[in-house]
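Engineer: Please dock the two separately framed chains into a single complex, following the hints provided.
Here's the letter readout for the chains.
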Amino acid sequence: MENVEITKESDARGSFCPGPLMELIRMVRDAEVGDVLAVISSDAGSQKDLPAWVAKAKHELLGQEDFEGAVRFIIKKSH
Amino acid sequence: MKNIIIIGGGTGGCIVANLLAKKLDSDEAKITVISASEQHHYQPGWLYVPFAREDARSLTRPVRDLLKKQINLLIGKVEKLDDGNHQVILENGDTVSYDYLVIATGSIPCPEDIPGLSEGGNHFYTEKDSFELYQILQEFRGGKVVIGVGGLPYKCPVAPLEFTFLFEEFINEKGIRDKTDITYTFPLNAVFNIPSVAEVAEPILQERNINIETFFNLEEVKADEKKAISLEGTELDYDLLIMIPPHRGAPFLQGHEIADAKGWVKTNKQSLRAGDSKNIWALGDTTDIPISKAGSTAHFEGPVIAKHIIADLRGEELGEDCVYEGHVMCFLETGYSKASIIDFDYSAPPVLKAPNALMHYQKMAFNKAYWYLIPTATI
Numbered sequence: 001m002e003n004v005e006i007t008k009e010s011d012a013r014g015s016f017c018p019g020p021l022m023e024l025i026r027m028v029r030d031a032e033v034g035d036v037l038a039v040i041s042s043d044a045g046s047q048k049d050l051p052a053w054v055a056k057a058k059h060e061l062l063g064q065e066d067f068e069g070a071v072r073f074i075i076k077k078s079h
Numbered sequence: 001m002k003n004i005i006i007i008g009g010g011t012g013g014c015i016v017a018n019l020l021a022k023k024l025d026s027d028e029a030k031i032t033v034i035s036a037s038e039q040h041h042y043q044p045g046w047l048y049v050p051f052a053r054e055d056a057r058s059l060t061r062p063v064r065d066l067l068k069k070q071i072n073l074l075i076g077k078v079e080k081l082d083d084g085n086h087q088v089i090l091e092n093g094d095t096v097s098y099d100y101l102v103i104a105t106g107s108i109p110c111p112e113d114i115p116g117l118s119e120g121g122n123h124f125y126t127e128k129d130s131f132e133l134y135q136i137l138q139e140f141r142g143g144k145v146v147i148g149v150g151g152l153p154y155k156c157p158v159a160p161l162e163f164t165f166l167f168e169e170f171i172n173e174k175g176i177r178d179k180t181d182i183t184y185t186f187p188l189n190a191v192f193n194i195p196s197v198a199e200v201a202e203p204i205l206q207e208r209n210i211n212i213e214t215f216f217n218l219e220e221v222k223a224d225e226k227k228a229i230s231l232e233g234t235e236l237d238y239d240l241l242i243m244i245p246p247h248r249g250a251p252f253l254q255g256h257e258i259a260d261a262k263g264w265v266k267t268n269k270q271s272l273r274a275g276d277s278k279n280i281w282a283l284g285d286t287t288d289i290p291i292s293k294a295g296s297t298a299h300f301e302g303p304v305i306a307k308h309i310i311a312d313l314r315g316e317e318l319g320e321d322c323v324y325e326g327h328v329m330c331f332l333e334t335g336y337s338k339a340s341i342i343d344f345d346y347s348a349p350p351v352l353k354a355p356n357a358l359m360h361y362q363k364m365a366f367n368k369a370y371w372y373l374i375p376t377a378t379i
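If you read the protein sequences in the order shown, they are chains S and Z. Reminder that position 39 of the first sequence reads as 39 in this note's numbering, one-by-one numbering, no gaps. Reminder that position 347 of the second sequence reads as 347 in this note's numbering, one-by-one numbering, no gaps.
Bound conformation, chain Z alone (with noise of 0.2 angstroms):
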């Protein structure tokens, strides 16, 4: 029987494992999920936390329940990938021996990788964060307020203008949006990296009176004097400061000859192999692959992996659906009960719609039905 060793209990690996033991017979295969947290979180729901629209402790669930009885969980942090062996070395020690193996591992905010953020910044990018923000935010009395991307790649990739757009409408409705001056900031010429998205979003900026610094790569932050330095030379004073930190991959990725330094596992676009292996396969926020970091990414990735295993499995030819094609879809809150939908593949760039309430009220149900919905892979 072989043995299938999916590491990572968020989206992508949940998906995976689901879709696995789904389809393969219990003496096919055994599968075994390798997670370094007994919880699942929903981490698009952290957005909403500072602005008392979700309770962080309501968008976590222990990973046991999401999947099948028949799929095996070890709780505990990989120290080192042995592909040369086909295992994988715990900290704990234990060894863990697989013939195919997927690398679901996510991504991993680092704020200490620019001098003073930590120090001086705020983000909502972890459980503990967002809830730290959500207090400060009930404190908030007004003053200046920037809030930028900190460094590429990062997940979630409209979050930092969601959150913006949701900040402004949050101090308006507290009617201190005369009393605070709010900056965006992000570190390409524009307000994001995908042109159509810039178009619907800039002007949404403009209209809100919310000043906007292109070309701003953050380089350090002086928390004593309320700095925000950027590469380029631009400082920005601040009362309040929520940078999103540059993103890394798990740290036993990183320097490993599979990723790159940062910890990105180099993946195949369409196979979604990793490097030039036969049996290890990654997706989601683990790839180097240049779309979205996102858990529909992970969603529309995690078929082709699994049809992958099943047809090598049972020496099947691997059918013409086998290839991942870009497909990303997410939301863009843009406050005021108004979102939109970015939907989009490697072949045809989004093309977004004005956004509206249906679209917000969308939003608001997929986050409620995700847990029944995407990590069981319902659909």
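Just chain S, same shape as in the assembly (with noise of 0.2 angstroms):
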């Protein structure tokens, strides 16, 4: 995800569910229409959750990647 540029960036790590997922959706409330987020996560239900709250709320899951020793999802908010 080298290419993508990220608006603003939450490291969530070492809280636990549903504390990343609660710092993404306040992060969409705050952001603008085509802003990148990131949530960096330790916690493994974020790898189910994260996902899933994106796909529902129709934004845009541009990808999930290691860092170290954690997941860096990165979400475009699409409307």
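Keep in mind the hints are simulated off the structure, nothing from the lab. Each residue gets a CB set at the ideal place from its N, CA and C atoms; glycine is no exception.
Heads up, simulated DSS-like pairs for lysine-lysine below, C-alpha to C-alpha not over 25 angstroms straight-line:
hint: 1; chain 1: S; residue 1: K58; chain 2: Z; residue 2: K222
hint: 2; chain 1: Z; residue 1: K227; chain 2: S; residue 2: K58
hint: 3; chain 1: Z; residue 1: K80; chain 2: Z; residue 2: K2
hint: 4; chain 1: Z; residue 1: K278; chain 2: Z; residue 2: K30
hint: 5; chain 1: Z; residue 1: K266; chain 2: S; residue 2: K8
hint: 6; chain 1: Z; residue 1: K262; chain 2: Z; residue 2: K278
hint: 7; chain 1: Z; residue 1: K368; chain 2: Z; residue 2: K22
hint: 8; chain 1: Z; residue 1: K266; chain 2: Z; residue 2: K77
hint: 9; chain 1: Z; residue 1: K144; chain 2: S; residue 2: K56
hint: 10; chain 1: Z; residue 1: K227; chain 2: S; residue 2: K56
hint: 11; chain 1: Z; residue 1: K278; chain 2: Z; residue 2: K22
hint: 12; chain 1: S; residue 1: K56; chain 2: Z; residue 2: K226
hint: 13; chain 1: Z; residue 1: K368; chain 2: Z; residue 2: K69
hint: 14; chain 1: Z; residue 1: K22; chain 2: Z; residue 2: K2
hint: 15; chain 1: S; residue 1: K56; chain 2: S; residue 2: K76
hint: 16; chain 1: Z; residue 1: K2; chain 2: Z; residue 2: K30
hint: 17; chain 1: Z; residue 1: K226; chain 2: S; residue 2: K58
hint: 18; chain 1: Z; residue 1: K80; chain 2: Z; residue 2: K30
hint: 19; chain 1: Z; residue 1: K307; chain 2: Z; residue 2: K269
hint: 20; chain 1: S; residue 1: K48; chain 2: S; residue 2: K8
hint: 21; chain 1: Z; residue 1: K222; chain 2: S; residue 2: K77
hint: 22; chain 1: Z; residue 1: K307; chain 2: Z; residue 2: K23
hint: 23; chain 1: Z; residue 1: K307; chain 2: Z; residue 2: K266
hint: 24; chain 1: Z; residue 1: K23; chain 2: Z; residue 2: K69
hint: 25; chain 1: S; residue 1: K77; chain 2: Z; residue 2: K227
hint: 26; chain 1: Z; residue 1: K222; chain 2: S; residue 2: K56
hint: 27; chain 1: Z; residue 1: K307; chain 2: Z; residue 2: K2
hint: 28; chain 1: Z; residue 1: K353; chain 2: Z; residue 2: K363
hint: 29; chain 1: S; residue 1: K77; chain 2: S; residue 2: K56
hint: 30; chain 1: S; residue 1: K8; chain 2: Z; residue 2: K262
To list a few chain Z residues with every Cβ distance to chain S over 10 angstroms, as calculated:
hint: 31; residue: F140
hint: 32; residue: P251
hint: 33; residue: L358
Structural biologist: The structure is reproduced here in structure tokens:
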């Protein structure tokens, strides 16, 4: 995901469900349409919950990648 | 003599004050509780008010009556915490100095945080609102009902589920179940944030033909159109909307460096010390610890804080039991005179037993025994 310019990133490592998801929701609420957001999570539940929420809310999951033993989710606010 | 100030006359504040008064000699410390209200409310009882199972007036006692005689009680709202100078400033301008401070100011439902919710929704999280909902339910003759959680965090976490179960029983007994469509909403991808609780609650919702709408983060209520709209784009039509508002901490904490923007005090989850301070602790709903905001949380946290203060005041070593291990216990009413118990800590997630009548009557008994056992720090 090196070619994607991140608008805002949040490191939610160490917080557990629903922490990372609520952090993403907070960021989406505050973001402009088209912004690219990144959330880093070490909670195993995020791998299921974050993509599921992004799909339900009809935003775009640009990717997820390993990040220092955690996972970095990259999301575009679509509407 | 040291000054111990406890802000808050709710469950956590009364427990810590009474524990300290029991253990400390009168010449060791002066203990003062600052309460914004003269009254202490048994908040879990408000769940029953809309169904006429409790009278809101019976859920209130004077704070003074719950505190030991040697504890001073100041009635007033805190305007500012000046932790640099170890002072609390009240709205009337009075300044109170402390050597040790305990923050037990609880949480406040804030419907104003969601556009239209104050105008278009109801809830049962205050004495006034639970009574208004009682009046509405007296006149209710059926329609589309949406019950849910409008934002995280909120207190009494299972109460919205309990309300849904009790509401279904209420309209069934009223003979209008076939005229009523019920939808339960929750912000996450499950009906509750603790998986073992969701595993018990979801089948009960399904058995009782209650629609489930998960990933529903309430964004706006259009009161004139009677629509509840989520951030995810879901629109729910309603005739009656019962939404638990998002909560905040006390106003004087919102934006204070000891707390986050919403007023939740940054609290060590084991020592319960606030931030980097050496002489401030927080408990109950007030903290930012990611566990249930419930009276039982404060009940199990209170003794830890009392032991910390006594050890520091007497220059003693902290014992191994001066750690909060995350213990929380609460009942889950499932309607039709049945309930379950949820009991867990940081290391052991809850294992729920199937709801039964015994646990329901245990909860009924606890609701009455609360006044004698909990705020008085009897157990």
